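Chains as they are written, first to last, in the working numbering: chain F, 1 to 267; chain W, 268 to 610.
Read the hints as simulated data drawn from the structure, not as lab findings. Computed from a predicted structure; not experimentally measured. Hints are not guaranteed to be accurate.
[Claimed, not checked] Dumping the calculated DSBU-like pairs for lysine-lysine here, alpha-carbon to alpha-carbon at most 35 Å:
id, chain 1, residue 1, chain 2, residue 2
1, W, Lys607, F, Lys65
2, W, Lys333, F, Lys25
3, F, Lys156, W, Lys434
4, W, Lys607, F, Lys156
5, F, Lys156, W, Lys385
6, W, Lys333, F, Lys156
7, F, Lys247, F, Lys65
8, W, Lys607, F, Lys15
9, W, Lys273, W, Lys344
10, W, Lys474, F, Lys152
11, F, Lys156, W, Lys344
12, W, Lys282, F, Lys156
13, W, Lys302, F, Lys44
14, W, Lys607, F, Lys44
15, W, Lys300, F, Lys128
16, W, Lys462, F, Lys152
17, F, Lys137, W, Lys607
18, F, Lys44, W, Lys474
19, W, Lys374, W, Lys528
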Amino acid sequence: MSDLIKKVTALLNDKTINAFIGYEKGSANRIRAIFVRTEDQVQKLILNASCTQNLTGYLMKHEVKKLGKLGILANVAALRSIMQLASEFQIKDGEVYVLFANADGSLTEFTDFKSIETFLQTTDTGIKSEEQEMIAKLEAMTVNERWLFWNKEFEKCIKCYACRAACPMCYCHRCTTDVNQPQWIPVASHELGNLDYHLMRAMHLAGRCVNCGECATACPMDIPLNLLTYQLISPIKATFDATAGMKADAMYALSTYKPDDKENFII
Amino acid sequence: MEKQLKILKYSDLSKLIEKFRSQGYPVLAPVRKGKVVEIEQVQSLDEIALDVLLSTQSAKKAAFPKVEKVLEYTLEKSGTKQFPVDPADYKETILFGVRPCDASGFKSLDAIFGEEPKDQFYLEKKGKSTIISFSCPVADEYCFCTSVGGGPGNTAGSDLQFTGISKEEILVEILTEKGEKLAATFADLLTDAGKDIDKSKFLADVKVVFDVDGVVEKTTASFNNTALWLEQSLRCIGCGACAFVCPTCACFDFQDEQNTKKGVRLRLWDSCGFSLFTLHTSGHNPREVQSQRWRQRIMHKFAYMPEQLHVVGCEGCGRCSRACPVDMNIKEHLTAIGEKVIV
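If we strip away everything but chain F, and leave its shape as in the complex, we get:
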């Protein structure tokens, strides 16, 4: 019996949690989320290098919340999502039991936000090198080239909103896209509608994106949407010295005024 199965069995038995969000084998070679409540389900839990999905989006899902006190299997991006959700008052300290899977397969348990913060301070939370290369390529482009690059990518978009649904930070019950009095974003999946939607979403994630990449992984049309929000990480850091998902009580850069904020954007 794996350490994970033993641990989750104990957590369920002593009622520390009512349900545990982990991974099970999916169809073909895929891995998928499982919501463990019973002994049968606990046996399905797996943990390997393919278990990369950021499961924290489920913490915001109505029917998952109703399962009771939740435990979750977290990777680094998930820990950061939890910190960001906490700073946005979406999760209370101690509300979620967190098991972190270390690279060597051992488990670290986190029962409060402070310990997650401490852990993240000494953990590599950066963007993967292949993604950094793609961002460097985008940044090396002229404005016009970048515009054409994204327009070509957005041509593929069918507005299924898988990116929004998979994003742990897109938890709004009523997204701006869905508001129609007034209509901010054209609903149609045409050129303008696709562009408006993706730019709006990127702006709403500026300073909030924890670079988990779920948006791009979710996209059925293979649009590298993660690059759009990743590109906003370093300007936010440079301008406001803020990084998303590192502290449970962080002030959100774009909605916080400080007298010493730089004003060099004013022409």
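Using the hints provided, position chain W relative to the given structure of chain F.
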């Protein structure tokens, strides 16, 4: 009409596309775009990805596009002037290299859009499409066409069907009058085929995994089984990927885009997976939670459509499962429903 069998050489496929183009037909075919395969207008054979298992999206967009203008209007002092789009303006089009599940998917769409009041936008485009499907030499674990009455060589919905029978030769089945009319334009590339060709030897082996009548019966009886729908859909995140790649999903929404002087009315794809889908103006939503939306998706295809339109609303192409970001596998869920004992 009685099916006719002909032989076409692979080496003549390129001439075939040229012939279609020179007659002025737009040709829609699967085209590789990075990791996705789109059905798009092509100019020549070398653009077409004939070796792919399935296009990412289905072929339905040929007759039911994601965005479709149905009306233009101007707002003037004297009142509103309307300029309806005339469906008769659509061009005769050839859908080339789609799969049997794409072609048979149009049967479900025909049933939905053919109901009164008939949907001229769809019916005109569909009526002007000639479908040349390619039977499937391979399948993957997501395919289950044979469980819902289809198959890798199913000819339903196709006007012509091509099956590779050797490295050099394609068996051409002429299935409808529309297909016969088109085949007449490339008769010089065809030779007669012997009657004894066993097409099934060249088709993928797709195992039947459930009894569709049983699934329909059990789905119909499971409306109030909230535990079933909740268990199946806990991991569903409520996007519309499944509906938008599906060959039979037909739900749509209308949106007006206008300024102070003029506007257009657009028909857009919609999905029952969205929380906004059945939200009433009052704020009440009869499908408040994702499990109810998942139930709607399955019941529409396996209870309501069989009951009202006498077709199952699923072709077993598995596109929804492949596209799903969280691995909601419809074959697995339907098998589970079929195995369920109703008490």
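Hints and how they fare:
1. With a CA separation close to 27 Å, the supplied pair Lys607(W) and Lys65(F) stays within the 35 Å bound.
2. This hinted pair checks out: Lys333(W) and Lys25(F) have alpha carbons roughly 34 Å apart, not beyond 35 Å.
3. Under the criterion of a C-alpha separation no larger than 35 Å, the hint pairing Lys156(F) with Lys434(W) is consistent with the structure, at around 34 Å.
4. Between the alpha carbons of Lys607(W) and Lys156(F) the distance comes to roughly 39 Å, so the proposed pair goes past 35 Å and is violated.
5. Distance check on the hinted pair: Lys156(F) and Lys385(W) sit about 30 Å apart at the alpha-carbon level, within 35 Å; holds.
6. Restraint check: the Cα-Cα separation between Lys333(W) and Lys156(F) comes to about 11 Å, which is no more than 35 Å; the hinted pair holds.
7. About 23 Å separates the Cα atoms of Lys247(F) and Lys65(F), which keeps this hinted pair within 35 Å; it holds.
8. Between Lys607(W) and Lys15(F) the alpha-carbon distance is near 31 Å, which keeps this suggested pair within the 35 Å criterion.
9. For the hint linking Lys273(W) to Lys344(W), the alpha-carbon distance of about 63 Å lies beyond 35 Å, and the restraint is violated.
10. For a cut-off of 35 Å, the pair hint linking Lys474(W) to Lys152(F) is broken: about 40 Å separates their Cα positions.
11. Of the pairs offered as hints, the one joining Lys156(F) and Lys344(W) is violated, with about 40 Å between alpha carbons and a cut-off of 35 Å exceeded.
12. This hinted pair checks out: Lys282(W) and Lys156(F) have alpha carbons roughly 30 Å apart, not beyond 35 Å.
13. With a C-alpha separation of about 31 Å, the suggested pairing of Lys302(W) with Lys44(F) holds against the 35 Å cut-off.
14. Pair hint Lys607(W) plus Lys44(F) holds up; C-alpha atoms about 21 Å apart against a cutoff of 35 Å.
15. Between the alpha carbons of Lys300(W) and Lys128(F) the distance comes to roughly 24 Å, so the proposed pair stays at or under 35 Å and holds.
16. Restraint check for Lys462(W) and Lys152(F): the C-alpha separation of about 49 Å exceeds 35 Å, so the hint is violated.
17. Pair hint Lys137(F) plus Lys607(W) does not hold up; C-alpha atoms about 53 Å apart against a cutoff of 35 Å.
18. The straight-line distance between the Cα atoms of Lys44(F) and Lys474(W) is roughly 26 Å, inside the 35 Å bound, and the hint therefore holds.
19. Only pairs whose Cα atoms come within 35 Å are accepted, and Lys374(W) paired with Lys528(W) is rejected, the gap being roughly 41 Å.
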